[in-house]
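These protein sequence lines map, in sequence, to chains E and Y.
Positions 1 to 143 (this note's numbering) are the ones given, in order, by the first sequence.
Positions 1001 to 1181 (this note's numbering) are the ones given, in order, by the second sequence.
Any given hint could turn out to be false.
What the hints assert, rightly or not - One-sided excerpt, in silico: chain E residues whose CB lies under 10 Å from chain Y: (1) D5; (2) P19; (3) D38.
Bear in mind the hints are in silico, worked out from the structure with no lab data behind them.
The beta carbon of each residue, even a glycine, is placed where N, CA and C say it ideally should be.
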Amino acid sequence: MSPEDARFVDRLRRAYAPPPVDAARFDARLAERREALDARRRRAPLAWGGALMAAAATAFALYALRPNTPDPAREETPAPIAVDWLAALTPPATSDPFAELRQTEPLSDIGALGADEDDWLPADYEPLAVLVNWPTADEEEAW
Amino acid sequence: MHADAMSLEMADTREARFRALVAENRESAVGLAWRLLGGDRATAEDVTQQAFLRAWRALPGFRDDARLSTWFHRILIRQVRSHQRWAGVRRRFGGLWGETPEVPVLPTPQDDGLRRRIGAALERLSPGQREAFVLVHLQGLTIEEAAAALDRAPGTIKSHLHRALGAMRADLADLRREEAA
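Throw the hints in and build the complete structure from the sequences for me.
What follows is the structure, given as structure tokens:
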């Protein structure tokens, strides 16, 4: 640094000087703040413990008060009582549901006019022939 | 019993070290904060006390790998920077919450115009240049001490000093001419 710069800097240092510090007042204020800081640090574990307990209590309350929605998987399972009730109304199915159909006449025989008229209309149904104008065997022959 | 005696001794040592730190550095620390913060005395004392409180908390971990005053200067510089950052934020956004934006505090009425001009010239420097100039030329630290306090290389400090001195010369050219005459 040149001599001019050195004098310039010295002038700045003297002109831009801070006011003196009141040491007693400064130290007293510092001691107060240090005491407050130490007290806060002593309380810190209690504060953390309280915060954790509050968080746990909140989580438990939220869990206990959650909405009781039914399990979707259960909806697909029929209730046992309904199954029994339904089973009581419904006759047991035969092992071979098509057995009755095989005992009846084949459909091709129904259309064969001139076939044995006794077989045309089952005997059980003859009394009904009058009611429904079903031609009897004689009427059929006359026609 | 032995452990209690040891912790009492350590507490005494810590207290003694802290009192010595405050007594030796109180004046220079407040002066450094005052120069870096634009001449606001109340803020300078407040920031310096915050730095001492941090030093009190960190003192048990101080490993004596540097001088205690250098270690404390580093803490103080960080506090000053933190305050300047938050002061900038408050100035910029304080009005959003209905706060009156903080007006930069001018030097006290007793200060002459020269002090105001020097403060304004320092404000126009970059933060790194201002810190280097204040520490070395106004506070009287060596370049190595300033480098340790600012956590920079000595070469960086020299570069900052060179630029800062050039800027201050340009800003306060009349002062320099008076001294040269």
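Provide an ascending list of the numbers of those earlier hints which the structure does not satisfy. Of the numbered hints given earlier, the structure breaks none, since each of them holds.
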